[in-house]
Amino acid sequence: MAAVTALRSSCRAMGRLVCIHRVRSCSSVRFGKPKYVCVLGTPLQLSQQQRLFRASAVSCGQIVQFKLSDIGEGITEVTVKEWYIKEGDSVSQFDSICEVQSDKASVTITSRYDGIIRKLHYNIDEIAYVGKPLVDIEIDASKGVSPEEDVVETPPMSHEEHTHQEIKGHKTLATPAVRRLAMENNIKLSEVVGTGKDNRILKEDILNYLAKQTGAILPPSPKAEIIPPSPKSETMPAAAKDKARKIPIPVPRPIVFSGKDKTEPITGFHKAMVKTMSAALKIPHFGYCDEIDLTHLVQLREELKPLAQSRGVKLSFMPFFIKAASLGLLQYPILNASLDESCQNVTYKASHNIGVAMDTEQGLIVPNVKNVQVCSVFEIASELNRLQSLGSAGQLGTNDLSGGTFTLSNIGTIGGTYAKPVILPPEVAIGALGKIQILPRFNGKGEVFKAQIMNVSWSADHRIIDGATMARFSNLWKSYLENPASMLLDLK
Amino acid sequence: MVLQSSLKSCLQLSCILRTPKAGFRSTTSGGLIIQSVSDDVYQNLAVEDWIHDHMNLENRQVLFLWRNSPAVVIGRHQNPWQECNLRLLRQKDIKLARRRSGGGTVYHDLGNINLTFFTTRKKYERMENLKLVVKALKALRPQLDVHVTDRYDILLNRQYKISGTAAKLGRTTAYHHCTLLCKADKLVLSSVLKSPYKGLKSNATPSVPASVKNLLEEDPTLTCEMLLDAIAEEYAAQHQIDHHVTFINPTDETLLPGINNKAKELQTWEWVYGKTPKFSLSTCFNMVYKGSVLDVKVAMDVKHGRIEVCNIDLPEQWLPPALCNELVKSLTGSKFCPSETTTLVTTLLRVCPQDDELHSKWNLLCENMIMLM
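Residue numbers (full-length UniProt numbering), protein chains in the order written: chain A, 1 to 492; chain B, 1 to 373.
For reference, chain A alone in the conformation it holds in the complex (with noise of 0.2 Å):
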């Protein structure tokens, strides 16, 4: 009833029809309902709308012009540069509000008050006067703000003070909603725990206060006891007390979780693998897969390793993977093959570009090495280190990541055993190799021997390579790799 005779001797002041048509905005505003509870005089019956009319009626603050302080140094003009707020937004005592320049200083202004901005005097670039208005913010009317308080330094207190407040300059940062909360069910501010940014007090902190001093739902732990509410215990019930330490039966607790779903639109190179993956759904896609023992070229790579780095090259397995499956291409040639966008003709590419997938900080890259059919193991190993340190730079020249024909992606690295590869258009195969495991195999003479096994998933277009032909080149692949002395036969 308290607010309702305010609101009368408001309207008394600012005349009743001003007074409802404030109400009627306020709500709006604050409450995102376009239901408004004034009919002056009316007795109201709900509680739930008492409490809504008497926020209304007191969150109808003054606007107050929020002036440009003094910068120092005797500067009178500065460059307004970035807002951090628009109007309409809510902000509280503290909060940053524009970006300002002067002559080499760049100046955070931040908000005095707790409240809605309302509006934005200068645009980007403009010039803006110290002492002169610079945004318009409407106030808690009840917070009785004096516009001219200056709120930087507070003086210091004596010793018997709560050590919180001994933070000079730091009064309690809490919203206007969560002051409201806290006065409502008599909290002090000052004796809550504030988690959030710059110890700011957020709702959540007042829940688990009120939560800690009936006892309700957390069981006496260690932890519990280390931050006591409020040193000023004589203060707190002696049955409250009693209450916390008996076991409690645990009581629904409201979940209090403020996380935000976030949508971004999807741009640029996003919007372009969206593009490709949807087009690569049109091909039907059939699986191949394999597992390959590399015992032999595992061995083989150790030695040739130093080699290599003789020559400044650091030698993986890709290279050998690479040249492998382009000895194969040359004997199953669809496989680096394109196929038109009416399907009416396959072009059979004569160059072997093979791409890599790579994984870098904007996602996943296809660099290729070209004409691996007249490279040598080495020269593509050395060509793999260029592409590889560009590729982490953020370097790579559209050269290098166009022209593919054919693309091997190396998950192992990361893990995996087996996987399911896309097809990238326009190819019609990719291979996705697995890590390499050591696992127990049997050899010719039946005994187990310690292999090093990888393995191997192939997709390809079945609407022009059929299984047979993927297996056979799987298997020409395999044996090159088993076997890394064949390779020597067929090396061009």
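I should point out that these hints are in silico values taken from the structure, not numbers from a laboratory. Glycine included, each C-beta is placed from N, C-alpha and C at the ideal position. You can take every hint at face value.
Non-contacting residues of chain A with respect to chain B, defined by C-beta distances greater than 10 Å in every case (computed):
| hint | residue |
| --- | --- |
| 1 | L120 |
| 2 | M318 |
| 3 | K435 |
| 4 | T469 |
| 5 | K478 |
Straight line, CA to CA, 27 Å or less: simulated BS3-like cross-link-like pairs of lysine-lysine:
| hint | chain 1 | residue 1 | chain 2 | residue 2 |
| --- | --- | --- | --- | --- |
| 6 | B | K123 | A | K67 |
| 7 | B | K303 | A | K275 |
| 8 | B | K122 | A | K132 |
| 9 | B | K329 | A | K275 |
| 10 | A | K260 | B | K262 |
| 11 | A | K271 | B | K361 |
| 12 | A | K132 | B | K123 |
| 13 | B | K361 | A | K349 |
| 14 | A | K271 | B | K329 |
| 15 | A | K86 | B | K262 |
| 16 | A | K262 | B | K264 |
| 17 | B | K303 | A | K119 |
| 18 | A | K271 | B | K278 |
| 19 | B | K278 | A | K262 |
| 20 | B | K329 | A | K282 |
| 21 | A | K370 | B | K361 |
| 22 | B | K297 | A | K271 |
| 23 | B | K122 | A | K67 |
| 24 | B | K278 | A | K86 |
| 25 | A | K349 | B | K290 |
| 26 | A | K262 | B | K262 |
| 27 | A | K86 | B | K201 |
| 28 | B | K361 | A | K275 |
| 29 | A | K86 | B | K303 |
For this one, chain A is given, so just place chain B on it according to the hints.
Leaving out everything else, chain B in the frame of chain A:
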């Protein structure tokens, strides 16, 4: 006892630095001199941020000394495309950083020293700080002709700029930092600070170019260490504290909680490039294709580092219009960034008609577009 985290972190720093733990009401400790052990520009800028956000400077001012490995540092409201040769930076692996203070673009390397003076907002006074530096230099080498201009530069022999200044003011604290050229690589400096990008229009703060000189050229007996020492000594004298420099490691989370996140934020694309004030690009270039020269006009609006509006004017029918539209549509909303654009255009190529001539035209056009970034 309820401890606010800012109080906690101040206490930690003072605990480890073993300064008199008399609390914040002490008037005996008037200053603190710290020096970074790192030469990573992002880590060092993060230290400035940390001190600005977390330290109470009521009774204690701070001097922070730091040096960086080669980096270009642009001011808060500047446009990196207008200020430096980004292509050259990428090639030479020189870092690009955007600081939080205003002012112009500078080149840092280990031959340049940086000084940051932290005070409360009320005690912010740049001229005093620069006079301190000049006093220190003159105490070290009385014959040096150095003085402070009204633009807050320090000039050598009335001619050459040896120091540039910038400042950041927050709610309660402020800092003023400046450079000091000792033996920086002037050749690299002048080549990286020259922008090759044409047709840019923006309201970003422009840098004022100046002739520079190293102090070492004037007096070869000087070293960076001597300069740092002289300035620390003068600061200690003026603040009536011990000439004691405390070394700090900008990656130490226990000393500076939250510092690594600050350093990470300074390296993000959104901060370095995304904070560029809105600008427009209007330029043209020639392409040579199969013996004929083609004129291409490009107009773009870039906001937050992303292409808001894009227009490409090509000779008619050189590329199928559908393809042109596809390029323009994909570029819109994309980062104004060469690597992003390269991956974008090559990925788009996968869903274009597979025609060698078309592909080479596409690549030619896109390469030229990428050169603009």
